[in-house]
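> Chain by chain, the residues:
2 protein chains.
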Amino acid sequence: MLKKQEPELLRAVGTTIAKRRQFLALTQQQLADAVGIHRTYLSDIEQGKRNISIGTLHEIATRLETTSASILRQADKEMRAKKSQQSDTRTALDK
Amino acid sequence: MLKKQEPELLRAVGTTIAKRRQFLALTQQQLADAVGIHRTYLSDIEQGKRNISIGTLHEIATRLETTSASILRQADKEMRAKKSQQSDTRTALDK
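One line per chain: the protein sequences are G and Y, in this order.
Residue numbering for the first sequence follows my numbering, starting at 279 and increasing by one per position.
Residue numbering for the second sequence follows my numbering, starting at 279 and increasing by one per position.
Since the hints were made in silico from the structure, they are not lab data.
Heads up, a few of these hints could be off.
Which residues of chain G face chain Y? A partial, calculated answer using Cβ under 8 Å [as the list claims (entries may be wrong)]:
| # | residue |
| --- | --- |
| 1 | Asn329 |
| 2 | Ile330 |
| 3 | Glu343 |
| 4 | Met357 |
| 5 | Lys361 |
Result set (DMTMM-like, lysine to aspartate or glutamate): computed pairs, CA atoms no more than 20 Å apart in a straight line [stated by the list, open to error]:
| # | chain 1 | residue 1 | chain 2 | residue 2 |
| --- | --- | --- | --- | --- |
| 6 | Y | Lys355 | G | Glu284 |
| 7 | Y | Lys327 | Y | Glu286 |
| 8 | Y | Lys297 | Y | Glu286 |
| 9 | Y | Lys360 | Y | Asp311 |
| 10 | G | Lys355 | Y | Glu343 |
| 11 | Y | Lys327 | Y | Glu284 |
Chain Y is faced by these chain G residues, among others (derived, beta-carbon under 8 Å) [stated by the list, open to error]:
| # | residue |
| --- | --- |
| 12 | Glu284 |
| 13 | Leu287 |
| 14 | Val291 |
| 15 | Thr293 |
| 16 | Gly333 |
| 17 | Leu335 |
| 18 | Thr345 |
| 19 | Leu350 |
Virtual Cβ for every residue (Gly too), placed ideally from N, Cα, C.
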């Protein structure tokens, strides 16, 4: 498997979940309780330290009043934005 | 967690993956080899028997020339279509 891409994807998914949670003014504890997972597990997910299942992603998305597809789409954008920032920096350094 | 929704979601994701694979005229063996997983594992995924990680979904999606977000969106549609079929049947039976 192309494992190299995974940490980046998981971080982007975690960031997307954290942003959406903050947008809804929920604490990690509140979201974790609603989903039925431990707060530290949610914290790990938000930091991209866990390769969560699509089932868990679906539950989290539902509690965040969105869909798993939308979270992954947002995460994709997040990843692409980071990549273009990195290549901008590289171009600047090359000059 | 709302575990009840999971089997339905996993089946819809599996069906979506199988359809996309068939559209690209790939065998299970070919896709499994490309992703680096066992053919029986892919077969389980396509039947909705496995709660795969978003990392694995991402790898499969990449090999199917699509994105994990697109697969989940398609799976959502699949689920909704099934639900409306079921309620149609129920309505028909009620008559």
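> Against this structure, judge whether each hint is valid.
Now the hints, each set against the structure:
1. Hint on Asn329(G) holds. Least Cβ distance to chain Y is approximately 4 Å, under the 8 Å limit.
2. Annotation: Ile330(G) was flagged as interfacial toward chain Y, and the flag holds, the nearest CB pair being 6 Å apart, inside 8 Å.
3. Interface hint at Glu343(G): violated, since its Cβ lies 14 Å from the closest Cβ of chain Y, which is beyond the 8 Å cut-off.
4. The interface hint given for Met357(G) is violated, since its Cβ lies 10 Å from the closest Cβ of chain Y, which is over the 8 Å cut-off.
5. For Lys361(G), the shortest C-beta to C-beta distance to chain Y is roughly 15 Å, which exceeds 8 Å, and the interface hint is violated.
6. The hinted pair formed by Lys355(Y) and Glu284(G) fails the criterion: a straight-line CA distance of about 26 Å is larger than 20 Å.
7. Under the criterion of a C-alpha separation no larger than 20 Å, the hint pairing Lys327(Y) with Glu286(Y) is consistent with the structure, at around 10 Å.
8. About 16 Å separates the Cα atoms of Lys297(Y) and Glu286(Y), which keeps this hinted pair within 20 Å; it holds.
9. Simply put, Lys360(Y) and Asp311(Y) have alpha-carbon atoms about 31 Å apart, too far for the 20 Å limit, and the pair is violated.
10. Note on Lys355(G) and Glu343(Y): the hinted pairing holds, with a Cα-Cα distance of about 17 Å set against a maximum of 20 Å.
11. Pair hint Lys327(Y) plus Glu284(Y) holds up; C-alpha atoms about 10 Å apart against a cutoff of 20 Å.
12. Evaluation of the Glu284(G) hint against chain Y yields a held restraint, the C-beta minimum of about 4 Å falling below 8 Å.
13. Taken as an interface hint, Leu287(G) checks out: its beta carbon lies about 5 Å from the nearest beta carbon of chain Y, inside 8 Å.
14. At about 6 Å, the closest approach between the beta carbon of Val291(G) and any beta carbon in chain Y falls short of 8 Å, and the interface hint on this residue holds.
15. A cut of 8 Å between beta carbons decides the hint on Thr293(G): the least distance to chain Y is about 14 Å, and the hint is violated.
16. Interface hint status for Gly333(G): upheld, as the beta-carbon distance to the closest one in chain Y is roughly 4 Å, under 8 Å.
17. A least Cβ separation of about 6 Å between Leu335(G) and chain Y falls short of the 8 Å threshold, and the interface hint therefore holds.
18. Because the smallest distance between the Cβ of Thr345(G) and any Cβ of chain Y comes to about 6 Å, under 8 Å, the interface hint for this residue holds.
19. With its C-beta approaching chain Y no nearer than about 4 Å, Leu350(G) sits inside the 8 Å limit, and its interface hint holds.
Against the hints set out earlier in the document, violations occur for numbers 3, 4, 5, 6, 9 and 15.
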